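Colleague: So the chains spell out like this:
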Amino acid sequence: MQVKTLLLAGGALLGSAAAASASGFQVYLGGQKNNGMGGVGVGLALDQAAMYYNPGALAMVRQNGVTLGANASFARVSFRSENGGPQRDLQSTTTTPFGFYAAFGPKEGKFKAGVAVYTPAGSKLVYADGWEGRASLTQIDLKSIYVQPTLSYAITPTLSLGAGLTILAYGSVNLQRAVQLPSSTGLIELDGKTKTRFGVNAGLFFKPSDKLSVGVKYSSKIDATVEDGEGDVRLTNVTSANGGSGTFNGRFTATKFGATIPLPATAAIGVGVMPTEKLTVGFDVVWTEWSAYQSLDFRFSGNAGLPNTDPNAPGVIGGNTTSTSKRAYENALCFRLGAQYKTTDKLTLRVGAALDQTPVKQGFVTAETPDNDRIIGTAGLSFEANEHFGVDASYQFIHILKRSQSTADLLDNGTTDRVAGTYSTFIHLPGLGFHYNF
Amino acid sequence: MNLNFNRTAPAAFALLALLAGCKPDLADDFKSSAGSADFSRYIAVGNSLTAGYSDNGLYLEGQLNSYPSMLATQFKAVGGGEFVQPLFDASQASGSGFLTITGFTATGTPQINPELKDASGNYIAVNSFGPGRALLSPTLPLLARSTAAGNQNLGVPGIRVADVTVADYGKLTPSSNAVNFNPYFERLLPNAASSTTYQQYVQQQVAAVNPTFFTNWLGNNDVLGYAGSGGQFPLTPVAEFDTKYSAMTDVLTSGGAKGMVATIPNVTSLPVFTTVSAAAAAAGVQARAVPDANKAALTAGLQLTAAQAATIRFGLFIRTGAGVTREIAPTDLILLPAASLIGSQATPTSTPLGFGVVISGLAPAQAAGLAAAAPPSPLPNSAILDGAEVTAAQTRTSELNAVIKANALRKGLAVFDAQTYFDGVARNGVVTNGVNNTVAFVSGNLFSLDGVHPTPRGYAVVASEMIKSINAYYNASIPGLDPTSFRGVKFP
Chain A
1 MQVKTLLLAG
11 GALLGSAAAA
21 SASGFQVYLG
31 GQKNNGMGGV
41 GVGLALDQAA
51 MYYNPGALAM
61 VRQNGVTLGA
71 NASFARVSFR
81 SENGGPQRDL
91 QSTTTTPFGF
101 YAAFGPKEGK
111 FKAGVAVYTP
121 AGSKLVYADG
131 WEGRASLTQI
141 DLKSIYVQPT
151 LSYAITPTLS
161 LGAGLTILAY
171 GSVNLQRAVQ
181 LPSSTGLIEL
191 DGKTKTRFGV
201 NAGLFFKPSD
211 KLSVGVKYSS
221 KIDATVEDGE
231 GDVRLTNVTS
241 ANGGSGTFNG
251 RFTATKFGAT
261 IPLPATAAIG
271 VGVMPTEKLT
281 VGFDVVWTEW
291 SAYQSLDFRF
301 SGNAGLPNTD
311 PNAPGVIGGN
321 TTSTSKRAYE
331 NALCFRLGAQ
341 YKTTDKLTLR
351 VGAALDQTPV
361 KQGFVTAETP
371 DNDRIIGTAG
381 LSFEANEHFG
391 VDASYQFIHI
401 LKRSQSTADL
411 LDNGTTDRVA
421 GTYSTFIHLP
431 GLGFHYNF
Chain B
1 MNLNFNRTAP
11 AAFALLALLA
21 GCKPDLADDF
31 KSSAGSADFS
41 RYIAVGNSLT
51 AGYSDNGLYL
61 EGQLNSYPSM
71 LATQFKAVGG
81 GEFVQPLFDA
91 SQASGSGFLT
101 ITGFTATGTP
111 QINPELKDAS
121 GNYIAVNSFG
131 PGRALLSPTL
141 PLLARSTAAG
151 NQNLGVPGIR
161 VADVTVADYG
171 KLTPSSNAVN
181 FNPYFERLLP
191 NAASSTTYQQ
201 YVQQQVAAVN
211 PTFFTNWLGN
221 NDVLGYAGSG
231 GQFPLTPVAE
241 FDTKYSAMTD
251 VLTSGGAKGM
261 VATIPNVTSL
271 PVFTTVSAAA
281 AAAGVQARAV
291 PDANKAALTA
301 GLQLTAAQAA
311 TIRFGLFIRT
321 GAGVTREIAP
331 TDLILLPAAS
341 LIGSQATPTS
351 TPLGFGVVIS
361 GLAPAQAAGL
371 AAAAPPSPLP
381 NSAILDGAEV
391 TAAQTRTSEL
401 NAVIKANALR
411 KGLAVFDAQT
421 YFDGVARNGV
431 VTNGVNNTVA
441 FVSGNLFSLD
451 GVHPTPRGYA
461 VVASEMIKSI
471 NAYYNASIPG
481 LDPTSFRGVK
491 FP
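Quick note, the sequences are listed as chains A and B, same order. If you count the first sequence from 1, position 389 lands on 389 in my numbering, and the numbers rise without skipping. If you count the second sequence from 1, position 422 lands on 422 in my numbering, and the numbers rise without skipping.
Do not take every clue at face value.
To be verified - Just so you have them, the derived chain A footprint on chain B, three or more residues with Cβ under 8 Å:
(1) 28-38
(2) 469-480
(3) 486-492
To be verified - In the DSBU-like style, the derived pairs of lysine-lysine whose C-alpha atoms are separated by at most 30 Å in a straight line are:
(4) A:107 x A:278
(5) A:402 x B:411
(6) B:405 x A:402
(7) B:411 x A:326
(8) A:402 x B:295
(9) B:23 x A:326
(10) A:402 x B:490
(11) A:361 x B:76
(12) B:23 x A:361
Keep in mind the hints are simulated off the structure, nothing from the lab. Values in this document were obtained by computation on a predicted structure and should not be read as measured data. Here a beta-carbon is modelled for each residue, glycine too, at the ideal position from N, C-alpha and C.
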């Protein structure tokens with residue numbers, strides 16, 4: 001299958017995740033089977049979604065086939081200011097992170113080649129009108145799609161390796177926040193698409209017996225970059241085309257921006273245990289190199305040529321040509337545990353749980369990622385209609401634990417561009433997928 | 001296994017909808033509580049800050065955004081009742097008149113002009129002011145009387161603690177003047193015959209309202225009267241302040257009310273004293289070249305050496321409170337309204353105001369000759385708070401604040417230490433929910449166009465800090481407010 005067609009398929013769905021399903025703005029929803037099992041997969045070779053979890057395991061997936069799945073993400077973020085006041089709830093948004101995997105290889109051969117299309121990161125949040133943090137964020141929509149051609153080779157019947165080329169085929173960011181002028185409020189919207197970027201994804205899979213399998217996997221960082229001058233700056237009720245009332249024109253002249261958000265490298269190790277033919281248990285530890293995300297910097301350019309401004313001056317927003325906001329993320333670990341039980345030839349049931357450590361330090365919590373440690377519970381099932389076709393369903397519940405930061409925390413860390421208060425988030429992630437094997 | 005999709009699907013969707021609707025509940029994260037205080041009936045005593053004075057005037061929008069009004073709104077979450085203010089009618093919304101930005105110069109400097117009239121050109125809350133604000137009919141009150149019964153905001157712009165026992169303070173008599181009569185107090189009194197002192201008025205209102213909680217932010221004008229006049233108006237003596245402030249505290253606590261007192265901010269944290277930098281103004285004057293003809297005349301007349309002549313320059317001169325004329329020093333403060341005086345000339349040939357000639361290394365006889373030949377034209381004492389006066393104001397501020405804190409200790413009252421707080425804001429600004437605010441004039445959001453009184457945003461910041469003080473002292477949990485939702489300086 002051509003990469004181009006896959007892109008079109010991706011474009012139709014335009015996936016992203018509401019309040020990302022793993023730490024930070026990571027989305028860890030590779031395959032529907034794995035989703036039901038707490039997200040394990042590095043030490044397993046369940047299906048073609050192995051390309052996401054561990055490309056090394058792909059050669060061990062017995063059948064050729066196609067797997068397609070999508071999730072609906074319902075996030076419920078609540079915020080309460082440090083000083084009390086009303087609870088602010090996120091406006092309901094629904095997004096659809098997805099995964100598509102197709103892999104083929106010669107029958108009984110040692111090779112498997114495939115292509116994966118999935119959403120590695122994303123976030124969509126729309127805060128309630130009038131919420132305290134509106135000057136830092138009113139809404140965010142971050143989307144990304146990776147396309148990953150993959151090759152896997154079984155060196156011996158027990159050891160296989162694989163590698164993929166991760167292509168950031170689509171990425172977009174849309175950030176909106178209020179601009180608090182002395183006696184009025186405006187809105188600024190930053191909207192941009194990222195350049196195509198490349199990375200690698202590689203893994204090793206070892207299955208010494210029918211009862212045990214082990215895997216390791218690494219994915220490199222890709223910088224999702226909106227090139228300088230490529231992103232659009234849109235202002236509402238801030239500047240004026242009418243010179244007489246364009247009091248703030250000189251402080252908001254930029255029309256374009258550039259920025260970079262890292263999609264961090266991950267490394268994972270996983271173990272699979274198959275005590276009986278019907279039961280499979282997986283345990284993964286995933287390490288994410290979040291330290292790549294130290295600050296969110298915007299570089300402004302262009303000049304709107306508004307009245308009362310110098311048309312030759314560099315473009316500014318709020319009087320500055322750049323803006324920077326501290327993130328100072330720390331590397332984080334995630335522990336995932338899951339099991340599946342084949343009740344009949346037709347029906348497989350799954351259950352799992354995960355503990356996901358936050359990369360966000362105390363005092364650095366931002367509205368666009370109201371992050372904390374997460375506890376995740378999952379369930380899922382597969383129903384095989386016939387020997388080729390089956391349906392996979394999963395459900396994940398994620399609770400981003402309650403997190404409070406005080407004004408003192410913000411002052412201590414120089415992070416007063418965000419608000420003091422308490423966040424708590426529930427995310428419901430039902431998912432549905434189909435697989436066709438031949 | 002037999003999955004009946006038709007039967008299970010609706011149930012599954014209903015379950016999903018239920019789960020999706022469920023959201024985290026943070027109700028327990030801040031539980032409002034009155035702590036050991038009772039906020040059911042609140043009364044506010046103070047001066048212009050308490051009245052909601054802003055932009056050099058008292059007008060309806062300012063009154064509605066007074067800090068006592070904001071506090072009363074927040075008190076409602078912990079059992080607070082209604083709060084009656086002596087509001088101007090909507091038809092008299094401009095109140096005493098106020099300053100507003102009417103436009104900008106080509107270089108972006110705001111043009112600030114008084115807003116005194118309504119749309120039909122009338123002085124609205126002022127019964128009998130004529131143009132220039134001269135009193136036309138001495139028998140009528142200066143400002144429309146408030147008819148609000150059970151007034152709970154007793155703030156009177158301009159009042160000092162020294163004034164609280166002055167008789168006829170709100171009664172216009174032939175001997176009334178700016179010191180012993182206050183039109184803002186007059187408008188709170190029921191009729192022209194009222195000769196009550198402010199303290200007696202507070203006593204009456206305490207009896208009428210029977211407050212359970214009060215705030216007292218008096219004292220600012222006991223220092224500001226001095227500082228704002230460039231040191232010409234006296235500072236209130238500490239002993240007199242102590243006597244009168246203590247008596248006021250006794251009146252307010254007589255019914256067992258708990259309360260909060262606030263201290264006096266340093267004048268150096270107010271934009272009216274800090275906007276015009278002495279160093280920058282001096283540099284501006286020094287940058288002006290002394291005309292060659294004058295240089296030649298001085299060189300000849302004073303028999304200057306070449307080295308002396310090379311140092312001839314202009315300097316910015318001031319008249320100090322001690323009557324000395326000297327060049328301005330970095331410790332001197334120039335009052336904001338005085339900025340326009342620098343360089344102004346009474347006649348086209350007179351020496352521009354503030355200008356004087358400076359020559360280094362003069363012998364005493366030469367210096368005397370210079371003083372005689374080219375006397376400087378100093379900025380008047382009223383335009384300058386000189387270094388010695390700044391020190392005097394700061395010392396007195398601290399002395400009076402000690403009295404305020406001692407009274408709080410004596411009666412067990414919360415203290416909002418405005419002196420410490422505003423010193424911090426003057427240094428670092430204050431960020432409210434991601435929005436920067438500073439004490440900078442016009443652009444800083446906190447201070448209104450008079451450079452002394454806060455904007456609604458500034459009052460909201462003050463109210464937030466007061467709530468923190470009250471919460472801490474009375475172990476209460478009064479919800480704070482979001483200062484960002486209040487405006488800074490109003491732009492046209």
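Colleague: With the threshold set at 30 Å, check whether the alpha-carbon distance from residue 402 of chain A to residue 490 of chain B stays at or below it.
Modeller: violated, 39 Å
Colleague: What's the verdict on residue 23 of chain B and residue 326 of chain A, does the C-alpha distance respect the 30 Å limit or exceed it?
Modeller: Holds. Residue 23 of chain B to residue 326 of chain A sits at ~29 Å (cutoff 30 Å).
Colleague: Count the residues of the segment 469-480 of chain B whose CB lies closer than 8 Å to any CB of chain A, then report whether that count reaches three.
Modeller: holds (count 4)
Colleague: Verify this for me: three or more residues of the segment 28-38 of chain B with a beta carbon less than 8 Å from a beta carbon of chain A.
Modeller: holds (count 3)
Colleague: Do three or more residues of the segment 486-492 of chain B come closer than 8 Å to chain A, measuring C-beta to C-beta?
Modeller: Coverage by chain A holds here, the residue count being 6 at a Cβ distance below 8 Å.
Colleague: Between residue 405 of chain B and residue 402 of chain A, does the CA-CA distance stay at or below 30 Å?
Modeller: Cα-Cα ~40 Å, so violated.
Colleague: Decide if the proposed pair is consistent with the structure: residue 23 of chain B and residue 361 of chain A, CA atoms, cutoff 30 Å inclusive.
Modeller: It holds: about 24 Å lies between the C-alpha atoms, which stays within 30 Å.
Colleague: Taking only the CA atoms, is the gap from residue 361 of chain A to residue 76 of chain B under or equal to 30 Å?
Modeller: violated, 36 Å
Colleague: Within 30 Å, alpha carbon to alpha carbon, are residue 402 of chain A and residue 295 of chain B?
Modeller: violated, 75 Å
Colleague: Between residue 411 of chain B and residue 326 of chain A, does the CA-CA distance stay at or below 30 Å?
Modeller: Since the Cα atoms of residue 411 of chain B and residue 326 of chain A sit roughly 46 Å apart, the hinted pair is violated (cutoff 30 Å).
Colleague: Can the restraint linking residue 402 of chain A and residue 411 of chain B be considered satisfied, given a maximum Cα separation of 30 Å?
Modeller: violated, 41 Å
Colleague: When you check the alpha-carbon spacing of residue 107 of chain A and residue 278 of chain A, does it fall within 30 Å?
Modeller: Holds, at roughly 24 Å.
In this structure, the earlier hints numbered 5, 6, 7, 8, 10, 11 are contradicted, and the remaining ones agree with it.
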